[in-house]
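**Student:** Which chain is which? The protein sequence lines are Y and S, in order.
Numbering of the first sequence is given in our numbering, commencing with residue 115 and proceeding in unit increments.
Numbering of the second sequence is given in our numbering, commencing with residue 10 and proceeding in unit increments.
Just so you know, the hints here were simulated from the structure itself, not pulled from any lab data.
Accuracy of the hints is not assured; some may be wrong.
[As the list claims (entries may be wrong)] Below, in silico cross-link-like pairs of lysine to any residue (SDA-like), each with a Cα-Cα straight-line distance of 20 Å or less:
1) Y:K299 to S:F39
2) Y:K116 to S:F60
3) Y:K299 to S:W53
4) Y:K293 to S:E45
5) Y:K205 to Y:D268
6) Y:K308 to S:P72
7) Y:K194 to Y:K205
8) Y:K299 to S:P72
9) Y:K116 to S:S41
10) Y:K205 to Y:H118
11) Y:K316 to Y:T185
12) Y:K293 to S:K75
13) Y:K293 to S:R150
14) Y:K142 to S:R150
15) Y:K299 to S:A47
16) Y:K293 to Y:D275
17) Y:K293 to S:F40
18) Y:K116 to S:W53
19) Y:K142 to Y:R160
20) S:K75 to Y:H118
21) Y:K140 to S:F46
22) Y:K140 to S:K75
23) Y:K228 to Y:N154
24) Y:K228 to Y:P201
25) S:K75 to S:L135
26) Y:K116 to S:E45
[Said to hold, decoys possible] One-sided and incomplete, this derived list gives chain S residues near chain Y with beta-carbon spacing under 7 Å:
27) G31
28) A87
29) W89
From a predicted model like this one, the values you see are computed outputs, not experimental measurements.
Backbone N, C-alpha and C fix where the C-beta goes; we use that ideal spot for every residue, glycine too.
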Amino acid sequence: MKTHIIFGLSVVVLILAFMFGSLYYKGKQAEKIGFLAQENAELFVRDHSQTMGSEDAKVYLIEFMDPACETCAAFSPFVKQMIVNNPGKIKLVLRYAPFHDGADYFVKILEAAKKQGKYWETLDVMYKSQPHWASHHNPQPQIIWQFLPQAGLDIERIKEDMNDTAIAKIIDQDLADAKVLNVRKTPGFFVNGKPLQTFGSKQLLQLVQSEINANYPN
Amino acid sequence: MTRVYQNNTNWNILFLCWLVAGVSTAGSLFFSYVMEFAPCVLCWYQRIFLFPLVLILAVGLFPLDKKAAKYAFPLAVAGWLTAAYHYLLYTGIIPTNLQPCSQGVSCTEEYISLFDFLSIPLLSLLSFTIIITLLIIFYRRTP
């Protein structure tokens, strides 16, 4: 019987060590990133970053996204709903982490659309048409051009503007920040510099709510 | 039951072997799920050979079964070979342009290095080496 006990205890100790290790590591990471946030807030929000919501909002929701990422598309309505539900309190900051092959093509189109003041309309069209052009086995980026007129864009100007080297620099900067902040998957969320520890809409809502409560007491 | 007590040392050796496999499995899961390091192709092959060891060796412990070592041995050797190849790539002894994983995560990307030399491929190589050594000792000792 002794051997069964030794074995059983070892299994329990291994699992516990794994769980406590995870908690400890995540806590350390959160501390480190919180510290980084005070030191250089620009890691999270660059001057070029596209934002949505009130300028005076005290809760910054930073999203590292990829236009070709299915989960980013699925999360988009949820994120917008959170901003609508908390008027003036949340500011969404979009950062690029185009991890999918060829995804920077779509970031370039987005940034070119920004010059025409149609950023969010274009992003909506991209997310909605994503199943047509972003198949993992057979990505067909050209198909996006059939959908872009829906955003009311001047297509010829987009084709010209998207090759601007300034856009490539923006992508490089965002990817560099993503690396520092340990974003390896999209969407990667931070709320006032605090990373979303476990991924999920419920967890994101909780994190946002706790920051709203902390910054808008009453 | 009495037989198990007589073979106490042998049981301990196989148990230790299981423990090494278990700790390595937990460690590799920790790297990918908690620290969020993306595993490269070679790491996946090593995992394929490592994870079943935990189950096979656990079955061999109750009751103590000499054949468990026989079944675990090919897995451990295959894992060791993959780990050795990975380690040679990682340290640059085999040139990187021969590596099979040019897309996705590079097999030579450095994630951690404890005490300046203990990288993930080396950890894997050490685990498989200990497992193989213990398996051989166990197999030879067990009547």
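**Student:** Sort out which numbered hints this structure fails and list those numbers smallest first.
**Tutor:** The structure breaks hints 2, 5, 6, 8, 9, 10, 12, 13, 14, 16, 18, 19, 22, 23, 24, 25, 26, 28, 29; every other hint is satisfied.
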